[in-house]
Amino acid sequence: MSLDLTIRPMKKDPVRVPSQAGAFWRATSSDPAFIARPPKGTGKLKPGWYVIRTRIVERSGRLAGPRVYIPFPKGGYAESRAVELEHDGEYYRAEVLISDGVDHFRFDPSIYPCEFACDGLSIDELPGNHRRFDTVRDMARVIGRLSPKQLWVWFRLGLQVLFSRGPKALWESAFWALTNHARASVGAYPDWVRQFSTASPEQLASMAADSAAFARPITFSFITPLYNTPEATLRAMIDSVLAQAYPKWELCLADDASTAPHVRAVVEEYRTKDPRIKVAWRERNGHISAASNTALALATGVYVALLDHDDTIPPDALYWVAREIDEHPDAALLYSDEDKLGFDGERTNAYFKCDWNPDLFLSHNLITHLGVYRADIVRDIGGFREGFEGAQDYDLALRFIERIEARQIRHIPRILYHWRMIVGSTAVAAGEKDYAAERARKAVQEHLDRRGVAATVETVPVAVQRVRYRLPDDPPLASIIIPTRNGEKLVRQCVESIQAKTTYANREILLVDNGSDDPGAIRYFEALAKAGTVRLLKDPKPFNFSRLNNDAAKQAKGAILVFMNNDIEVIAPEWLAEMVSHALRPEIGGVGAKLWYPNDTIQHAGLVLVAGLAAHAHLGKPKGDNGYFSRANLLQSLSGVTAACLAMRREVFEKAGGFDEKLAVAFNDVDLCLKIDAAGYRNLYTPYAELYHHESATRGYEDTPEKLKRFQKEADLLRERWMAKLMYDPYYNPNLTLSGEPFTLAWPPRVEPFRPR
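FYI, the working numbering numbers position 417 of the sequence shown as 417, with every residue one higher than the one before it.
Calculated directly from the structure, the hints in this document are not laboratory data.
There may be inaccurate statements among the hints.
As the list claims (entries may be wrong) - Think about it this way: if two alpha-carbon atoms lie no more than 27 Å apart in a straight line, the pair counts; the simulated DSSO-like pairs of lysine-lysine are: (1) 541 with 709; (2) 11 with 725; (3) 725 with 655; (4) 541 with 489; (5) 541 with 340; (6) 662 with 709; (7) 557 with 530; (8) 713 with 725; (9) 557 with 501; (10) 557 with 662; (11) 662 with 623; (12) 11 with 44; (13) 541 with 530; (14) 554 with 538; (15) 340 with 623; (16) 557 with 655.
Using the sequences plus the hints, can you model the full thing?
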């Protein structure tokens, strides 16, 4: 069976534009959408495998990321039921499994504003077994990458689906799980690199021509100390600099008294061929800081770029740095994304970084490679300090940022550095060099001391730093607000764990009873109030999470407000001290905790803005899994944190306007965090405040038509208010997906491709 699907705009975007050359569509937002339907009288498509195709011709702007949404049986769409269309040279296509009959699809042609031509879609039924064996094979591949705890979670979820909804639903669930995980596979990165991170010879030539038009033709000086560098890797490093599309550079080499004779021979060979290569031959080995300073003394460029002797950079690296400076002339420090060169020479293990994130930078060296610094400031601060070998670039960056403003730090979300994995190198594992971890800790401690910050720094597992901010001698009162309806067992567990385990003494608990009708719960709540354990506030009005918390906040006595679900259980005794210590920092707004499911998998390690809304980072990761580049275990700023356990100063809450009572159940915490950000504060996630979260135990799930309708209304409100921020989360990365599991690859990335200016 083959059917043509006609398309019409779902809302007001895109719009049809008449033209003598033929009508076309104009998308003016990042979320254009069509409804695609088969001919009248077709009825619902029967369950089975189908292939959907469409031809889309880009006219202007950027067309990227077309996808089709399979509606839920009761209506509505979700990113978890979206399939990305892949281009096969002629058509955009995708194979989909339809388990319940559907009579339409949602079709989003692009994630960017653009103009394009598209007449519709076609759908063809596939043979029954066409995809079955491929799906089983893909499932085995995904399962093979799961930890034992993750396997157990998947097994339990599978059993729940099987016994509650049957084998057909289990098969469909497996398909969507695989669809949303397929692009996360290790084997996907080489394909991604070929498509999105490899400049063609034609593009490089165009970049070279484009460079001549820059308003500020800047010279860059690479700082590269050498010591017994293997010949092949030394040549690869120098060749990668020679291949740069941007021509104004100099390579400043400082040999630190190498004993391998080939080093001098290779360097002299290259130096005689290109005068931009400079070299200093040190007579005595002084280690990396001294050698780096020797190379710095050779530099005449306006900016210096740090390049290790065994690493490489792609040929477009300097072009993108120079272009960023041309567009932002006050930039003083620039850093890019990076990946590794494996033992087989293949690119792997990409680190797609966030924009400037001060707390994450104090946890680990966010800048690393490619790091580019204004040369005059590097000299003013004394260059590289001896005694910090192994963390000399981190120490340099810490001292450097003390001289500039945050707006002068620019992140370039492109892979501009390839870090070679060599046994004994920190490219292999952060803990390879123990001495480096201690020197990194010392560098961060001295940085905080110079700034007059009352904090101590510790080295914690995975060779990262934990910064402990000191509480004042007279810590402020923290008001813990817990709304509930019935739930005696949960409230007992929550309150008793707070009372028995929490070390922070200056606290009060406000228990907000939202119309409980269970006699046992009512008696227990009143007993708590009579004993002075809680202040009991009664509010019998219909449930509205935002209103309940807003009203309770007005009655709270504390300078610190802590919003907590009734299904929270304390794990770490210092949880409240940790959260208050950060909430008291003047630049910090909301502070979120690390929440675990009772089976010791992550429920909350911060929120990232994806799928037009928000998603939990590292959801379901077991204990021992540090998350994407350890971010589940690092103190950091994020766009949002959950209100299941959320602390902030009262003044911050009031300045942001509290929770929006139009958001009765969903997204109120995301909205509040975005308002806090707009007010000039940073939201923070701390992994050192740990609690269990027995999620939605008394509210239940969004699984009825009424709840789904309300959920969709609240989601639409959030999108309307914050669409620009939802499409670009500064604490995430445009090379990472908005539609699948957070911190997996975006196909395509949302980074603007090269176009001559």
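Okay, the hints, checked on the actual structure:
1. 541 with 709: Cα-Cα ~21 Å, so holds.
2. 11 with 725: 21 Å, holds
3. 725 with 655: OK: residue 725 and residue 655 at ~20 Å, within 27 Å.
4. 541 with 489: 22 Å, holds
5. 541 with 340: 57 Å, violated
6. 662 with 709: 14 Å, holds
7. 557 with 530: Holds, because 19 Å separates the two Cα atoms, which is no more than 27 Å.
8. 713 with 725: With a Cα-Cα distance of about 19 Å, the restraint between residue 713 and residue 725 holds, given a limit of 27 Å.
9. 557 with 501: 22 Å, holds
10. 557 with 662: Distance ~26 Å between residue 557 and residue 662 Cα, so the pair holds.
11. 662 with 623: Between residue 662 and residue 623 the Cα gap is close to 37 Å, so the pair fails against 27 Å, i.e. violated.
12. 11 with 44: Holds. Residue 11 to residue 44 sits at ~23 Å (cutoff 27 Å).
13. 541 with 530: 23 Å, holds
14. 554 with 538: Judged against 27 Å, a Cα distance of about 14 Å means the pair holds.
15. 340 with 623: It holds: about 26 Å lies between the C-alpha atoms, which stays within 27 Å.
16. 557 with 655: Answer holds: residue 557 to residue 655 is near 17 Å, not above 27 Å.
The structure fails to meet hints 5 and 11 from the earlier list, while all remaining hints are met.
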